[in-house]
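Spelled out, the chains give:
2 protein chains.
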Amino acid sequence: MVTFDFSISCNSFLNTMDIKREMERKGEVFSSFEKSSMIGWMDPVDATLIEKIFHIRDRIKQNSKCLVVIGIGGSFLGSYAMKEMFSDYFSKEEFPIIYAGTSLSSQYMDQLLSYLKTIDFSVQVISKSGTTMETMITYQLVKQLMEEKYSKEELRKRIIITTDSKEGSLRKEAETEGYDAFIIPNNIGGRYSITTPAHLLAMSFFLDISKFLEGFYQGLKRQEEAYQYAVVRKLLFERGKYIENFCVYEPKLYYFTEWLKQLFGETEGKEQKGIFPVSTVHTRDLHSLGQFIQEGNPILFETFFKIHHSTKILYNQLELHHINNVVLDSVVDAHISGGVPCNLIELDQIEEDTIGQLCAFFMLSAAYSGYLFGVDPFNQPGVEVYKKRIRENLELHF
Amino acid sequence: MVTFDFSISCNSFLNTMDIKREMERKGEVFSSFEKSSMIGWMDPVDATLIEKIFHIRDRIKQNSKCLVVIGIGGSFLGSYAMKEMFSDYFSKEEFPIIYAGTSLSSQYMDQLLSYLKTIDFSVQVISKSGTTMETMITYQLVKQLMEEKYSKEELRKRIIITTDSKEGSLRKEAETEGYDAFIIPNNIGGRYSITTPAHLLAMSFFLDISKFLEGFYQGLKRQEEAYQYAVVRKLLFERGKYIENFCVYEPKLYYFTEWLKQLFGETEGKEQKGIFPVSTVHTRDLHSLGQFIQEGNPILFETFFKIHHSTKILYNQLELHHINNVVLDSVVDAHISGGVPCNLIELDQIEEDTIGQLCAFFMLSAAYSGYLFGVDPFNQPGVEVYKKRIRENLELHF
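Going down the list, the sequences are from chains Y and D.
Count along the first sequence from 1, then add 1287; that gives the number in our numbering.
Count along the second sequence from 1, then add 1287; that gives the number in our numbering.
Hints should not be assumed to be uniformly reliable.
Note that the list lumps identical chains together, so a pair holds whenever it fits in one copy or between two copies.
[Said to hold, decoys possible] Simulated crosslink set (DSS-like; lysine-lysine; CA at most 27 Å straight-line): (1) 1521 / 1560; (2) 1508 / 1436; (3) 1430 / 1560; (4) 1560 / 1352; (5) 1593 / 1675; (6) 1439 / 1352; (7) 1674 / 1599; (8) 1439 / 1593; (9) 1599 / 1675; (10) 1430 / 1453; (11) 1560 / 1675; (12) 1599 / 1379; (13) 1430 / 1459; (14) 1379 / 1404.
Because the hints were derived from the structure by calculation, they are not lab data.
Only a predicted model underlies this, so the values are computations on that prediction, with no experimental measurement involved.
Please take these sequences and the hints and turn them into a complete structure.
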């Protein structure tokens, strides 16, 4: 079960006329949304695709000690957030997955390559265009190492390409070399791609992707609430609340907030508009940014994630998880008293179907929000600006 | 070598008269600073204290497989940031340090306790008041486990207390039980405590703390530049740049930016004032928040960390680190063209003395900034608000 509560923002920080006005734009927003060519993620995932994912996963489990996933941005954050969320804090993972290609740090790369020399591994390289600089540099360096370690035939069992259905150097390589390949559909953008093989293959190692997808389809039905959330956020923005802080009380949810930051930030942040997304991991960050949120420049609102059930552990006759949730309630109270609007999202527990629901809910809401702000929710023209300068400054052809 | 360059902000985004006006307040700010009773961190650390740290470190290395550091906020972020920065990305640490007490997650606690059952360890518990809720809950649960594993005599070799010199339950416990104890001086607050035993003991396991302190004292001499930085930030704030984004190009610097976020956020964020601190790890986050920074709501300015030397690794005849720095330069160019003021901090490489210098520089600058904003740089009254509500909602006496 997942519930959404925007009543605090609506009752204490916004006025009814504004809410009514924006709610009345729903038909117009929904109709723009439905006309978009970039909502392929609304369609169910094909059963044969799931079978192919399981087949390749099983082969990797057999012939490798580890999977190296090479991707960045929308080809990284989704499955990485899920991996963190569904892993234990201390015990070693059953099957380790290393995410690479998110950095140009030479120290990282050097240590990555040294480590990979010592183990048997497979690689999934993910880039829709096949021209993403970090991904392609990392892939080339890792592939060089693989060519030293493995025969051509062996490479065909260890390299999985995930890219456009027809275009780009990676598609060409898959065809020439006979590598297994997955398609990133043309009608799905990076930050909306969590139900594509760019994420599902890695996810299949540590969670039940069928249950996740079931939850996701359930979540797609919550269009009304997703629209409400988009309206509340936009109205808070218009009242000078320029920052949204996602607050989690389970540290392993941190990268889920990073996924949210890309989803909302990249969707809304254009034409000088948009809410800047940040996150805090409580209670840790109450001891660092708590002061600012309570009494500093009042430009924030918050969205809290409350989880009803977790591991039982007692402290002085009290369940620790109960204490954690009492702290959450107390913080909400305190921040409201400091003029910070707070939204509340509650889930039974962290499991595939609730998290799937959340993903769908946020994707819908982010897309609606783009239309409410009057920007295209599915493009990211600003990302090209620094890339153009890199091409001017460097003899690299990406 | 560490250099600071605020010329872009000064020349392209601020006007000379404003800068002149704020620079003229220097005497007044420096005099308030020097009169403060909370600048104990300006004094050199005693040599006998360093000896005691080494002595205890060596004992822990002998009798334990791991050190558990229990602390939160100012008793956590400093040494944790240093640990991340001075660790390799892949190889296992020489001597593992686990940081606990930063969460009330029962799942985390359960898995922590299960793990600690399997190994020999020592504990450093850090709380100035001895009443920090997360710290005390974690310490009690961990101590319960230790009492099952170890004799009273053995506990005296495995528990190190770091707290006030006279007051509080932890000081009392140290005296009654005969545990080794360090003092957090009364004239040093949590976020300014990186040169106290709250951080130096853990740091002594993975870096040369004498070199770090030497660098720190060098940094304390850069008062002019620290003041300039404070002035530039405040003037950018007055021009509607409400968020400062710290940008790093080496992922292991991420927690250093978390330390900065507490330092600046908790120092300035009061009386409805202050710049909200955020951070991005590049190039990863260029693919998530880059769009927003380039073209979204123009309320950000940025401070970049550029590192001159790193591991050598070649990609197509180019040094990867060179590519990383060309990307940095290109991003600065692109963001300036998007109306984002950018400051630049350059260091030769990540090593004890340059990082020590940086810490001192930022601590000075944060303190000056408090005075420029007209708030007390050394208090954090807002943190009490939610704690009061917790006490009303829960029968716990912290």
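Sort out which numbered hints this structure fails and list those numbers smallest first. 2, 3, 4 and 8
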